[in-house]
Amino acid sequence: MDDLSGSTRRGFLKLSAAGAAGATIGAGWRPRTASAKPEKITFIRESSYVKEFDEHFNKVLIPRYQQETGIKISYEIVAAGGTAHVRNVAIVESKAPVDAGWVQQEWLYREGLLDISDIAEAVGKEQGGYYPAITELSKWNGKWYSVPFGNIGQCMAFRRDWFEQAGFKKFPDTWDEFLDAGRKLKKAGHPYGMSMGHGFADNNSWLLPLLWSHGGQVVAKDGKTITLDSAETAKAVDYVRTLYKEACIDDCVGWLDPANNKAFLTDQISCTNNAMSILISAKRDLPEMGKVIDHGLNPKGPKGRFHSLVAVTHGIFKHTPDPEAARHFLRWLMAPKQVADWYRSAQMYHAPYLRGYDKDPEWNKEPRFKPYHELLETAKLVSWPAPADRRAGEVVSKWVVVDMFAKAATGTPTKTVIAEAVAGLKAIYG
Amino acid sequence: MLAPPPFRLREWLERESVFSWLLLTPPLLFLIAFLGYPFCYGFYLTFVSRPIAQPATFVGLGNFEKLWNDPIFWKAVRNTIEFTGIATVLKLAGGLGMALVLHQNFRMKGITRAVLLLPFIVPTVLSTVAWQWIFDPGMGLFNRSLINMGLVTKAQAPSWLGNPTLAMVSVILVNTWRGLPFFGITILAGLQTIPVELHETATIDGATTWGRFRHITLPLLMPVILIVTTFSIIITFFDFQLVYVLTGGGPANATHLMATYAYSISMGGGQLGLGSAAALAMVPVLGGVLILMSSYVRRT
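Residue numbers (the working numbering), protein chains in the order written: chain A, 1 to 430; chain B, 1001 to 1300.
Hints are supplied without guarantee of correctness; some may be wrong.
[Said to hold, decoys possible] With a straight-line Cα cutoff of 25 Å, these simulated DSS-like cross-link-like pairs (lysine-lysine) come out:
1. A:Lys186 x B:Lys1154
2. A:Lys184 x A:Lys170
3. A:Lys426 x B:Lys1075
Since the hints were derived computationally from the structure, they do not count as laboratory data. Treat the numbers as computed from the prediction; the structure is a model and nothing was measured.
Build out the structure end to end from the sequences listed, making use of the hints.
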């Protein structure tokens, strides 16, 4: 080792030490004390399909807050599509330097969130109160762990021109009429595309309402009794099998969430269950198609009409070094002066859970968006009627109910798919 | 009695035993921090019930017992074995063929070799999104080609990701496409080490092309093939991105692998202990394969 002189070795060691120190400083560690005003607050959110929504936050809300308080807001955007909760789980577990945000699937990590009852109650009182269904998510054991913001509504997006050609002047009101229309449309070369794959929202948003509207339920209100195995569930399963075979495009049984948007916008399907994003994209990029797209509520079943909530709520991570600073920001953000225009910037893509916006003039600008407001009256959490706890989240994340329908659609007998789903539920609920 | 020489830091650092440890320590610490610690922590998690943001409760082998009785887990195990087995065989056969072709002399050989590496170089998520478009039922490359060639009508066009069997075929196809260059280039490197004289001698002795391949090329390539196959089994067994992006494990769990299922239990279901147990369950299977392969390599 004569070629390595002593000085070279010492130089190497010095370089290593300097490198290690540099890495520590550059790692983004942010010391703070609760007594000092923070330089910035980090707010995390899934990016919106409506780009104006994020733009409004960046260009209007952030500068306004900085001007009023001197505190900078760092807006951390996670890719859309139901993946924000994974990031949030990592934030909670690693106590990463993120203060607040959209607490997607908060049932997984409520214990990692701050009690913000004072903010949630003040915001509700100030702006007409909340739709009751959402409080079952945000309020847990008498305390609020999130402030309800808005619902990414899910209802039926359909091609009005093709439905009219098939003889349907208005969107089918019952599931039977929906099947009848689907048969005719598929024969005309315009099948439905009803998602049944391992996505996040577009599958549950019609399968659960369909189950509920037939009288079926997954787990009872007590959060213990598995109630899925019933004649009502069997009817819903049989219906989906027929609908898939006679009215749907084959591919939809494996679709992830972006797939139905793609199929709809490329003329492959005549109807799907989705958020406003199809119409918004069409109006922007395919104006001719944008003129013939419309929305309808989920059809009714023997037990009524249902929708499922895709909840957007904001919360504060318990590990934030400045709880008071984060509280101040969230209260400020949800005040009418800020939140009203933020809702409007996205054309009510997030339908407000606050009753005070029921008559907001923004709803009149595009009448085709109104079903997304109306559905709030009949919308339930995906756990309904069971409590929205971690186990309910596991049912969704393991696609237990979605797969029950998907297996039936691809030929497995009704009894078998229900028995397999019940076995899956027992593994979760014990 | 002689007094011990005074301690000099410079001389102490000059000693081989000290300096070698100084060099070894940073990578060792790195490995402990980013591999050793997560593995040990994961191992610990398998014995506890650990919902997110909640304290752990010791459950012994309870998590493994739960998995043992979980039909989705067993479906994922079967899928993983099928996925790994078929994809590895296809990659091996294709890679061997690719290497034999690339070993020939032809124009633009260098560029061709570079281009064939692309599937391996392009980020998996990016190429998988492209495959999603290729598999599209209405406007994807496959179905458009089948319809344009008159082999199927639009109504008969297969649903690549919607049919449970075809969905598995599709993920295997994409994995094979992505992993083929790894086999091809590595086996090509092995081919280039085989002395030309052996082939010349065999040709003079009247050996046919097949005979030379069977008795010279293949035996001399065997160590390379075994090593590349072992690596491929490990990578394929742990594959996550491809299935996560292409099918999410659907339809109806038809393509759920152990890695995607472990992820859905941990990050979707919030059960870190159970998810870790599902992930750790991959280790004994892989360990068995590795022991078998390495003992074969030693014998040959």
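Structure-based check of each hint:
1. A C-alpha spacing of about 12 Å is found between Lys186 (chain A) and Lys1154 (chain B), which places the hinted pair at or below 25 Å, so the restraint holds.
2. This hinted pair checks out: Lys184 (chain A) and Lys170 (chain A) have alpha carbons roughly 15 Å apart, not beyond 25 Å.
3. Between Lys426 (chain A) and Lys1075 (chain B) the CA atoms are separated by roughly 17 Å; this keeps the pair inside 25 Å, and the hint holds.
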